[in-house]
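**Student:** Take a look at the letters that make up each chain.
Protein chains: 2
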Amino acid sequence: MSAENGHPESNGRAHDARAALGPQEARAVFRGGHSGPTTGWAPGHTQANLVSVPADWAYDMLLFCQRNPKPCPVLDVTDAGSWTTPLAPDADLRTDLPRYRVWADGDLVDEPTDVLAHWREDLVSFLIGCSFTFEWALSAAGVPLRHVDQGRNVAMYVTDRQCREAGRLRGPMVVSMRPVPPRDLAAAIRETSLLPAVHGAPVHCGDPGGLGIADLSEPDFGDPVTAEPDDIPVFWTCGVTPQAAVMASRPPFAITHAPGQMFVTDARDEQYRVA
Amino acid sequence: MSAENGHPESNGRAHDARAALGPQEARAVFRGGHSGPTTGWAPGHTQANLVSVPADWAYDMLLFCQRNPKPCPVLDVTDAGSWTTPLAPDADLRTDLPRYRVWADGDLVDEPTDVLAHWREDLVSFLIGCSFTFEWALSAAGVPLRHVDQGRNVAMYVTDRQCREAGRLRGPMVVSMRPVPPRDLAAAIRETSLLPAVHGAPVHCGDPGGLGIADLSEPDFGDPVTAEPDDIPVFWTCGVTPQAAVMASRPPFAITHAPGQMFVTDARDEQYRVA
Numbered sequence: 663m664s665a666e667n668g669h670p671e672s673n674g675r676a677h678d679a680r681a682a683l684g685p686q687e688a689r690a691v692f693r694g695g696h697s698g699p700t701t702g703w704a705p706g707h708t709q710a711n712l713v714s715v716p717a718d719w720a721y722d723m724l725l726f727c728q729r730n731p732k733p734c735p736v737l738d739v740t741d742a743g744s745w746t747t748p749l750a751p752d753a754d755l756r757t758d759l760p761r762y763r764v765w766a767d768g769d770l771v772d773e774p775t776d777v778l779a780h781w782r783e784d785l786v787s788f789l790i791g792c793s794f795t796f797e798w799a800l801s802a803a804g805v806p807l808r809h810v811d812q813g814r815n816v817a818m819y820v821t822d823r824q825c826r827e828a829g830r831l832r833g834p835m836v837v838s839m840r841p842v843p844p845r846d847l848a849a850a851i852r853e854t855s856l857l858p859a860v861h862g863a864p865v866h867c868g869d870p871g872g873l874g875i876a877d878l879s880e881p882d883f884g885d886p887v888t889a890e891p892d893d894i895p896v897f898w899t900c901g902v903t904p905q906a907a908v909m910a911s912r913p914p915f916a917i918t919h920a921p922g923q924m925f926v927t928d929a930r931d932e933q934y935r936v937a
Numbered sequence: 663m664s665a666e667n668g669h670p671e672s673n674g675r676a677h678d679a680r681a682a683l684g685p686q687e688a689r690a691v692f693r694g695g696h697s698g699p700t701t702g703w704a705p706g707h708t709q710a711n712l713v714s715v716p717a718d719w720a721y722d723m724l725l726f727c728q729r730n731p732k733p734c735p736v737l738d739v740t741d742a743g744s745w746t747t748p749l750a751p752d753a754d755l756r757t758d759l760p761r762y763r764v765w766a767d768g769d770l771v772d773e774p775t776d777v778l779a780h781w782r783e784d785l786v787s788f789l790i791g792c793s794f795t796f797e798w799a800l801s802a803a804g805v806p807l808r809h810v811d812q813g814r815n816v817a818m819y820v821t822d823r824q825c826r827e828a829g830r831l832r833g834p835m836v837v838s839m840r841p842v843p844p845r846d847l848a849a850a851i852r853e854t855s856l857l858p859a860v861h862g863a864p865v866h867c868g869d870p871g872g873l874g875i876a877d878l879s880e881p882d883f884g885d886p887v888t889a890e891p892d893d894i895p896v897f898w899t900c901g902v903t904p905q906a907a908v909m910a911s912r913p914p915f916a917i918t919h920a921p922g923q924m925f926v927t928d929a930r931d932e933q934y935r936v937a
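Going line by line, the protein sequences match chains A and B. Under this note's numbering, think of the first position of the first sequence as 663, with each following residue one higher. Under this note's numbering, think of the first position of the second sequence as 663, with each following residue one higher.
Just so you know, not all the hints are guaranteed correct.
To be verified - For each label pair, taking beta carbons as the anchor points, the in silico distance ranges come out as:
1) A:Gly871 x B:Arg830: 47 to 53 Å
2) A:Ala742 x B:Ala848: 33 to 39 Å
3) B:Gly871 x A:Glu783: 41 to 47 Å
4) A:Glu783 x B:Ala910: 26 to 32 Å
5) B:Gly743 x A:Asp741: 25 to 31 Å
6) B:Gln686 x A:Asp752: 51 to 57 Å
7) A:Val771 x B:Ala742: 50 to 56 Å
8) A:Gly872 x B:Gly743: 44 to 50 Å
9) A:Pro886 x B:Gly684: 47 to 53 Å
10) A:Thr746 x B:Asp811: 35 to 41 Å
11) A:Ser744 x B:Asp784: 52 to 58 Å
12) B:Ser744 x A:Asp741: 27 to 33 Å
13) A:Thr746 x B:Gly804: 45 to 51 Å
14) A:Glu783 x B:Ala682: 57 to 63 Å
What the hints assert, rightly or not - Some chain B residues flagged as far from chain A (calculated, every beta-carbon gap over 12 Å):
15) Leu725
16) Asp738
17) Val764
18) Ser879
Just so you know, these hints were derived from the structure itself, not from any lab. Virtual Cβ for every residue (Gly too), placed ideally from N, Cα, C.
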């Protein structure tokens, strides 16, 4: 994904530039049509997954999230038709993400940079915690972020673990993976444990087979990442999980973010830290 | 509440007895008709608030909880008509709480020890985290529990803080209060911060006027507690909040637990601890 449009997020200099922007400025860039992964943007500000479904599917989605709180921690739910959220009062959810996915009967039908033409009055939007939020805590604790250093989107995988069903919604748990040096594993677990609203502690470390993942070099979403020889693969639940539920359960219509291209909010990561 | 039926939970010897019971045994006692506060029962096991509403109010209630996660942390939501939960597979939500409250149009119409006669096929039940769950962590950290020592229900107060509305539901935030010696305040905050699923850190310490509470000796629910001279009143959000929303918003029908008389689950407190 990161290389799809040749935008400057794929090198170190751009990393510095995007890190200098605040969340409002970052959203203005995306609103202007720029797309690409949001990892590394607007340091210290909470990023969110988006899934919008028709109102008659909203209860199923909210219940699905409640029953699967680790992959689907809900940060906000809009009223039907509303494209605003208290998490970023001046933002427009229809235009301010880098790239969207539009789904009909569970099939991907469009991947635009805004969804003004697709919007419906009955859409209820769910903003769900994203692991990019805790990357700042990892960085501050000295844990290297291989995908950021390599200018790539994070690697995400569909697992063989099924979520708990809710109404008409079912689907597999999706995870993101970051290679972590053994000396940093304790810090990685400790720091993310304290941020349960953005997936919290890892669900798995080590052998990807434990989650039914055959090949780390072929992620289902995002980019493969190059690990150092001693690195341990560490897996956190991922907010693409509701998107996988849309693919598996086929509601008549849905809008989501494109994986890794998140909604950057005005909220501070620190406000989700429990201690 | 604790003295309402003269049951032995109001003295120290009974405290020992109830602490010796596991959650299944405790529920059997309640199913047999015993009522009274569940503080101190079935050590180490998660306790939950209950609110059951007709299915056409379930989305509003789930959204209300999502928008007010600190007072209303959802631990489980049943399918419509179901009286079972994975939190205690052999339990019957209609009989296994010590005492219930039945509401019609927001008015309290009955306070029975089971709700078999009131049950409806369209009821969706919400189990919401309870601060009794973290009392074991407080105790283990050396924080005295004045209400338990005094054989009383915890003191609960309606505050002047309004919850964020959701659909037809609105209402004030309710809190529980425990007097904490100054030397134990840090431990009380630390221990409860690590249990966000059962209300987490306090919302307020000190002057009750800060929450619009006029007189600590007159709680809205539960019993007043006697503090030591140096004790600091510490306020945690309370799962009676959805019950206050029922009173304020007047859905046509609802069933709740009686304040302080909780559903004792098989879940372990430790599983809700984030670190």
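**Student:** If I claimed the Cβ atoms of A:Glu783 and B:Ala682 lie 57 to 63 Å apart, would that claim hold in this structure?
**Tutor:** holds (58 Å)
**Student:** Does the claim that B:Ser879 lies off the interface hold, with its Cβ farther than 12 Å from every Cβ of chain A?
**Tutor:** holds (32 Å)
**Student:** Honestly, do A:Ser744 and B:Asp784 meet the 52 to 58 Å range at C-beta?
**Tutor:** violated (28 Å)
**Student:** Taking 47 to 53 Å as the hint, is the beta-carbon distance of A:Gly871 and B:Arg830 inside that range?
**Tutor:** Given about 49 Å between the Cβ atoms, the range holds.
**Student:** Is it true that A:Ala742 and B:Ala848 lie within 33 to 39 Å of each other by Cβ?
**Tutor:** violated (45 Å)
**Student:** A:Val771 and B:Ala742, beta-carbon distance inside 50 to 56 Å?
**Tutor:** 33 Å Cβ-Cβ, so the 50 to 56 Å window is violated.
**Student:** Per the stated criterion, does the least C-beta distance between B:Val764 and chain A lie above 12 Å, as a non-interface residue requires?
**Tutor:** Since the minimum Cβ distance to chain A is about 24 Å, B:Val764 lies beyond 12 Å and the statement holds.
**Student:** Within 47 to 53 Å or not, the Cβ separation of A:Pro886 and B:Gly684?
**Tutor:** holds (49 Å)
**Student:** Indicate whether the distance between the beta carbons of B:Gly871 and A:Glu783 respects the range 41 to 47 Å.
**Tutor:** holds (45 Å)
**Student:** Given a hint of 25 to 31 Å, does the C-beta separation of B:Gly743 and A:Asp741 actually sit inside it?
**Tutor:** The hint (25 to 31 Å, Cβ to Cβ) holds, given that B:Gly743 and A:Asp741 are roughly 28 Å apart.
**Student:** Honestly, do B:Ser744 and A:Asp741 meet the 27 to 33 Å range at C-beta?
**Tutor:** holds (28 Å)
**Student:** Is B:Leu725 truly not at the interface, in the sense that its beta carbon sits beyond 12 Å from all beta carbons of chain A?
**Tutor:** The claim is violated: B:Leu725 sits with its nearest Cβ about 6 Å from chain A, within 12 Å.
Taken one by one, the earlier hints fail for this structure at numbers 2, 7, 8, 10, 11, 15 and 16, listed in ascending order.
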